[in-house]
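Colleague: One letter stands for each residue in the lines below.
Protein chains: 2
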Amino acid sequence: MKLCKTIADLKVEISSAKASGKTIGLVPTMGALHEGHASLIGAAASENDITVVSIFVNPTQFGEGEDLDSYPRTLDADCKLAEGMGADIVFAPTAKEMYPSEDMTWVEVTGDITKVLCGRSRPIHFRGVTTVVSKLFNLAEPTRAYFGQKDAQQVQVLKRMVKDLFFNLEMRIMPIVREADGLAKSSRNTYLSPAERQAALILSQSLKKAEEAFNGGEKASSKLVEIVEAHLKTEPMSDIDYVELLQLPDLTVAETEIKKPHLLAMAVRIGSTRLIDNIILG
Amino acid sequence: MKLCKTIADLKVEISSAKASGKTIGLVPTMGALHEGHASLIGAAASENDITVVSIFVNPTQFGEGEDLDSYPRTLDADCKLAEGMGADIVFAPTAKEMYPSEDMTWVEVTGDITKVLCGRSRPIHFRGVTTVVSKLFNLAEPTRAYFGQKDAQQVQVLKRMVKDLFFNLEMRIMPIVREADGLAKSSRNTYLSPAERQAALILSQSLKKAEEAFNGGEKASSKLVEIVEAHLKTEPMSDIDYVELLQLPDLTVAETEIKKPHLLAMAVRIGSTRLIDNIILG
Chain A
31 MKLCKTIADL KVEISSAKAS GKTIGLVPTM GALHEGHASL IGAAASENDI TVVSIFVNPT
91 QFGEGEDLDS YPRTLDADCK LAEGMGADIV FAPTAKEMYP SEDMTWVEVT GDITKVLCGR
151 SRPIHFRGVT TVVSKLFNLA EPTRAYFGQK DAQQVQVLKR MVKDLFFNLE MRIMPIVREA
211 DGLAKSSRNT YLSPAERQAA LILSQSLKKA EEAFNGGEKA SSKLVEIVEA HLKTEPMSDI
271 DYVELLQLPD LTVAETEIKK PHLLAMAVRI GSTRLIDNII LG
Chain B
31 MKLCKTIADL KVEISSAKAS GKTIGLVPTM GALHEGHASL IGAAASENDI TVVSIFVNPT
91 QFGEGEDLDS YPRTLDADCK LAEGMGADIV FAPTAKEMYP SEDMTWVEVT GDITKVLCGR
151 SRPIHFRGVT TVVSKLFNLA EPTRAYFGQK DAQQVQVLKR MVKDLFFNLE MRIMPIVREA
211 DGLAKSSRNT YLSPAERQAA LILSQSLKKA EEAFNGGEKA SSKLVEIVEA HLKTEPMSDI
271 DYVELLQLPD LTVAETEIKK PHLLAMAVRI GSTRLIDNII LG
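Going down the list, the sequences are from chains A and B.
The first sequence begins at 31 in the numbering used here and counts up by one.
The second sequence begins at 31 in the numbering used here and counts up by one.
Note that these hints are calculated values from the structure, not bench results.
No incorrect hints appear here.
All copies of an identical chain are treated as equivalent in the list; a pair is satisfied when it fits inside any one copy or across any two copies.
Derived lysine-lysine pairs resembling DSS-like cross-links, with alpha carbons at most 25 Å apart:
(1) Lys193 x Lys35
(2) Lys189 x Lys48
(3) Lys215 x Lys110
(4) Lys126 x Lys193
(5) Lys52 x Lys41
(6) Lys110 x Lys41
(7) Lys193 x Lys48
Hey, can you work out the whole structure from these sequences and the hints?
Modeller: Shown next, in the form of structure tokens:
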């Protein structure tokens, strides 16, 4: 496996792969890789000739007071995991290389799709995500790009960007990977104390409650949200940022009675750690 | 030559060209093709295996009260000119196809580079240009893209976008093509009455005055701007929007004494038609 720390290094690899007609799978990450990322890398390696894993803690998607500085950085371990899952290239550039100009060139999806859910409390987040992913798409020229359903809103925003700007690639969305007890895998789980780790189970448990109610015949969107909120509140350490049920793919207001696919998504603080989780209903 | 009126049609052509390893030259235009465009198409045809000319009057780069509705549309004549210059494909999509979502995904270069010159009176113009050109780049996947130096600020903004977002292509900038009497070729010249057409010579003449002064030893930026403004004002039909001298490539404030390359650019109304012209000094 090759570690490319500069854009120039990556370009050599990509143009050689392209020249020989190879397919390229790109897995954009911020590092601190866990089994969720491993599933993306494994899928990319099985579906493409060349698998590129980018590792870049992207400053433009962090707001004031967020965890940019404390976000875990574990490049050596990440390279081992990536190589073990079949990656051919790890691309780990500096912020200076990824943002060469003092003034930014932004790629921004507008409308409700970026304003609901995490967009309410993180107003600049998705602009940072779409900007950096555009750069990575242009650098790695992937045949397929891999993202986790864990970041459900990111998935919909990036799909919209790909559709609107006509990026010539296939978006491959992989299921959420969970711990044995149901907690969705996240690089931010490392922030949790043992007591918080236990309390964090309330997220997946409350989604399960909603799923059971839905499968048992409850189709009223307001009722389903109530079920989730009520269950989250049974955990004293939980502090709800949002629980929202929205139509897919555009994250518009839910139907009163759910018939088409909807996203049920939440962000909940456990102590000072903000966690997200979701399921699709319908 | 093939006329592609849909994205699906274009994609068939591009993927076939890519699969056989052909180089692609893209000439993005708004149609109403003249000899300036012809020089771009000719250059593209001589440097690439396949030449794509896009013809799309892009609504998002026109502001309120600008000439979106009256902009000349001459597709049949454009196709003839393009074919005569060696184009292989004319891509003439609808606005609905180019903008598939109700909410926009914007590509926007920020900072002074989009705020000076035409950016002062056309605040949304360059956001529309960078957005549509990004789409065209992703659709046509060009090896080289061709633009005219006539739109000097557009050239610098697009170069910045290509640099910041890492589009994998070469920007080819072609010199301004002028009428025998010096008027820069423009699709908007068709708006001019015979008297206005004569008055419009004041633009290129005043740039020539500045160039003569510069070559004669005048290096003071304020003085060079004064020479141009004074000459423009000798024409009663001229109404200056701006005359600016700025450093290349980032369009920052001019040096007091010009040593490095600077752009001397102007926008001037002749009657109700707004014309632009420029030269590079230094």
